[in-house]
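Chemist: All chains, please: the whole structure from these sequences, using the hints.
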Amino acid sequence: MEIVNDKGSLAKNQEYLNGSNGKKTSPFLKKILGKKNLGDVIFERLTLLFAVLVFLLVLFMGWEMYSNSLLSINKFGWKFLITTTWDPYSETFGALPMIFGTIVSSLLALIIAVPLGLSVAVFLSELAPAWLEKPFSFLTELLAAIPSVIYGLWGIFVLVPWLRNVVEPFLQKEFPNSPLFQGAPYGYDMLAAGVILSIMVLPIISSISRDVIKSVPDTLREAAYALGATKWEVTKIVFSNARSGILGAIILGFGRALGETMAVVMVIGNRPQITASILNPATTIAGTLANEFSEATSDLYLSAIIELGLILFVITIIINIFARLLVWGTERKWK
Amino acid sequence: MEMTSRTKKFTYYRRKATNVIMLSSSFFSAIITIIPLFLVFYYTVREGLRYLNIDFFTKLPTPIGEPGGGMVNAIVGTLILIGIGGGIGIPVGMLSGIYLSEFGKNKFGTLVRFLADVLSGIPSIVVGVVAYTLVVLPMKHFSALAGGVALAILMIPTITRTTEEMINLVPHSYREAALALGIPKWKTILFIVLKTAWKGIATGVLLGLARAAGETAPLLFTALGNRFWSTNIFRPIASLTVFIYEYSKAPFKDWNEQAWTAALVLIMLISIVSLVFRLITRSKY
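From first to last, the protein sequence lines stand for chains S and G. The first sequence: position 303 = 303 (the numbering used here), numbered continuously. The second sequence: position 161 = 161 (the numbering used here), numbered continuously.
Bear in mind the hints are in silico, worked out from the structure with no lab data behind them. Beta carbons are placed, not taken as given, at the ideal position from N, Cα and C, and that holds for glycine. Hints are not guaranteed to be accurate.
[Claimed, not checked] The calculated DSBU-like cross-link candidates involving lysine-lysine, where the alpha carbons are at most 30 Å apart (straight line), are:
id, chain 1, residue 1, chain 2, residue 2
1, S, Lys333, G, Lys107
2, G, Lys9, S, Lys236
3, G, Lys140, G, Lys249
4, G, Lys195, G, Lys105
5, S, Lys333, G, Lys105
6, G, Lys253, S, Lys231
7, S, Lys214, S, Lys333
8, G, Lys105, S, Lys214
9, G, Lys107, G, Lys185
10, G, Lys249, S, Lys36
11, G, Lys185, G, Lys195
12, G, Lys140, S, Lys36
13, G, Lys8, S, Lys75
14, S, Lys231, S, Lys75
15, S, Lys236, S, Lys134
16, G, Lys107, G, Lys199
17, S, Lys214, G, Lys16
18, S, Lys333, S, Lys134
19, S, Lys134, G, Lys195
20, G, Lys16, S, Lys36
21, S, Lys236, G, Lys8
[Unchecked claim] Pair ranges (Cβ atoms, derived):
id, chain 1, residue 1, chain 2, residue 2, range
22, S, Leu325, G, Glu165, 46 to 54 Å
23, G, Phe57, S, Thr83, 48 to 56 Å
24, S, Ile82, G, Ser25, 41 to 49 Å
25, G, Leu111, S, Tyr225, 40 to 48 Å
26, S, Lys214, G, Pro251, 48 to 56 Å
27, S, Trp131, G, Pro91, 21 to 29 Å
28, G, Leu111, S, Gln172, 46 to 54 Å
29, G, His172, S, Ile82, 54 to 62 Å
30, S, Ile103, G, Pro251, 45 to 53 Å
31, G, Phe57, S, Asp87, 39 to 47 Å
[Stated by the list, open to error] Listed below are several chain S residues computed to face chain G (Cβ distance under 8 Å; list not exhaustive):
id, residue
32, Thr47
33, Pro147
34, Val166
35, Val167
36, Gly255
37, Gly259
38, Thr261
39, Gly309
40, Thr316
Modeler: In structure tokens form, the structure reads like this:
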């Protein structure tokens with residue numbers, strides 16, 4: 001590097017060459033930095049610090065809830081997971097009705113959302129022309145952007161009355177002996193929670209599986225067309241190649257449904273019970289947290305509620321790790 | 001011979017028919033999927049317009065039984081909560097995103113990337129519980145700060161991953177050109193790479209903020225809610241979403257109607273902010 005120098009002293013030039021900003025670098029700093037620029041090292045360390053922060057955040061969340069629910073963990077142990085009574089007055093706490101409600105309402109949501117969501121994904125990735133795909137993708141993503149409390153509001157004043165007056169009487173008339181449809185149809189029940197959850201998880205399932213399907217290379221489609229396959233047959237082949245990623249998308253949707261709070265708590269009826277009928281009120285882990293957290297009076301009560309949060313955290317972490325691995329694996333396979 | 005040709009023909013038509021049936025059913029599913037979107041919008045606008053007036057934006061909620069009133073405290077409260085959340089979440093998210101894209105092509109980077117994705121799948125109410133144990137328990141009372149912390153944790157994964165993805169889109173030749181001129185790497189990243197990618201990053205940040213504005217669950221036992229005017233971040237604060245929740249459960253008809261109006265205002269708030277941002281980022285082209 002040659003520095004153009006008309007009148008300045010050679011010493012100043014030398015100084016410039018030695019340090020980065022005209023200052024002399026101390027031998028100690030030089031030893032640490034090597035050939036690196038001081039600013040670079042500080043910048044890299046700084047960003048690293050924040051990356052570590054994100055990493056620690058996940059661990060910290062688990063630890064924080066564990067340490068705050070020790071009271072309940074020590075008192076009830078593993079029995080917490082299989083006890084069916086949740087009674088703040090006698091201070092007996094068992095999470096089974098909440099776990100049951102969480103899983104059943106989410107499965108109900110998947111029963112509705114998976115066929116629809118996958119059809120939408122196929123439509124968007126394989127069938128729709130570009131001018132139709134863009135607005136449709138936008139609309140489905142908008143569906144995901146609506147705050148869940150607004151879904152809940154809509155659920156209370158539109159969906160629940162409709163279920164109570166139209167759908168549930170119809171189900172009871174058509175299947176009078178089915179254990180699934182017993183009880184008085186109030187509208188605030190497991191079915192309402194399942195329906196509203198299905199609307200909310202559909203965009204996740206459809207957009208992630210669309211991306212996965214799109215990552216399947218075109219050569220595969222061209223080969224199938226060349227053999228005379230119809231569009232549907234080509235789609236089936238593409239589908240079977242994107243299988244594990246699509247499974248990942250479904251599991252991610254399941255994870256979202258498990259943790260969804262507001263829309264569910266507003267329509268599910270909030271009663272900690274286990275019944276076969278989906279026309280009965282139920283409750284979920286997230287719903288109990290939302291309802292009872294700020295009312296928890298005793299330490300044990302609060303600790304039991306935080307333990308519910310810990311259970312939800314552990315379940316969703318496991319589900320998310322598994323699903324992300326599936327999605328990442330499929331998308332990388334073709335790159 | 002004749003049989004086989006007939007079977008062949010049958011197979012051909014059967015395949016054609018399956019094709020048409022399956023493809024059209026996928027089209028109809030797409031239609032069914034967006035019906036709820038229109039229904040939600042339709043009801044929110046129809047019911048929400050009833051109470052949408054100047055009072056709603058300028059007055060405080062009235063005591064039970066008194067008609068009228070507005071939710072100015074909740075609108076301001078929501079903005080304060082997003083402000084606190086963004087103040088914490090944006091720097092953390094952006095800096096960790098920069099790390100991932102510029103220095104994170106190693107095992108630790110992959111791990112952080114993965115955990116950020118996992119973090120985005122953790123239910124918001126669980127994040128609320130953590131903010132409660134972290135801020136409310138030591139301070140011994142509910143506060144806007146606790147709500148802001150919860151929202152910040154919720155924003156971080158979105159901002160981290162968008163920042164990373166947007167920086168990755170910046171062509172490598174830009175960096176090489178800057179480095180060849182003798183500019184240190186950190187200046188290259190801050191003043192060349194980030195400057196090129198800022199529109200994308202801004203969109204990601206905005207997405208994070210909008211999502212945070214719609215969160216209710218983590219606020220229920222952190223920011224709690226407040227029927228009075230308060231801008232103190234160490235005290236409970238009102239928010240539009242918590243108002244929607246409480247007013248929708250209430251047995252008073254005018255509260256229910258105000259819940260719809262709050263929902264409409266929330267949707268408008270989110271769309272106005274994103275529209276303004278989109279216009280700003282577009283005009284620079």
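Chemist: All hints are to be evaluated individually against the structure, with a verdict given for each.
Modeler: Hints, verified against the model:
no. : hint                             : verdict
1   : S:Lys333 to G:Lys107             : holds (19 Å)
2   : G:Lys9 to S:Lys236               : holds (22 Å)
3   : G:Lys140 to G:Lys249             : holds (28 Å)
4   : G:Lys195 to G:Lys105             : holds (22 Å)
5   : S:Lys333 to G:Lys105             : holds (19 Å)
6   : G:Lys253 to S:Lys231             : violated (53 Å)
7   : S:Lys214 to S:Lys333             : holds (13 Å)
8   : G:Lys105 to S:Lys214             : holds (25 Å)
9   : G:Lys107 to G:Lys185             : holds (22 Å)
10  : G:Lys249 to S:Lys36              : violated (61 Å)
11  : G:Lys185 to G:Lys195             : holds (14 Å)
12  : G:Lys140 to S:Lys36              : violated (48 Å)
13  : G:Lys8 to S:Lys75                : violated (71 Å)
14  : S:Lys231 to S:Lys75              : violated (60 Å)
15  : S:Lys236 to S:Lys134             : holds (23 Å)
16  : G:Lys107 to G:Lys199             : holds (29 Å)
17  : S:Lys214 to G:Lys16              : holds (24 Å)
18  : S:Lys333 to S:Lys134             : holds (26 Å)
19  : S:Lys134 to G:Lys195             : holds (28 Å)
20  : G:Lys16 to S:Lys36               : violated (66 Å)
21  : S:Lys236 to G:Lys8               : holds (21 Å)
22  : S:Leu325 to G:Glu165: 46 to 54 Å : violated (19 Å)
23  : G:Phe57 to S:Thr83: 48 to 56 Å   : holds (49 Å)
24  : S:Ile82 to G:Ser25: 41 to 49 Å   : holds (42 Å)
25  : G:Leu111 to S:Tyr225: 40 to 48 Å : holds (41 Å)
26  : S:Lys214 to G:Pro251: 48 to 56 Å : holds (49 Å)
27  : S:Trp131 to G:Pro91: 21 to 29 Å  : violated (40 Å)
28  : G:Leu111 to S:Gln172: 46 to 54 Å : holds (52 Å)
29  : G:His172 to S:Ile82: 54 to 62 Å  : holds (57 Å)
30  : S:Ile103 to G:Pro251: 45 to 53 Å : violated (32 Å)
31  : G:Phe57 to S:Asp87: 39 to 47 Å   : holds (45 Å)
32  : Thr47                            : holds (4 Å)
33  : Pro147                           : holds (3 Å)
34  : Val166                           : violated (14 Å)
35  : Val167                           : violated (15 Å)
36  : Gly255                           : holds (5 Å)
37  : Gly259                           : holds (2 Å)
38  : Thr261                           : holds (4 Å)
39  : Gly309                           : holds (4 Å)
40  : Thr316                           : holds (6 Å)
Figure legend: structure checked against the earlier numbered hints; hints not met, in rising order: 6, 10, 12, 13, 14, 20, 22, 27, 30, 34, 35.
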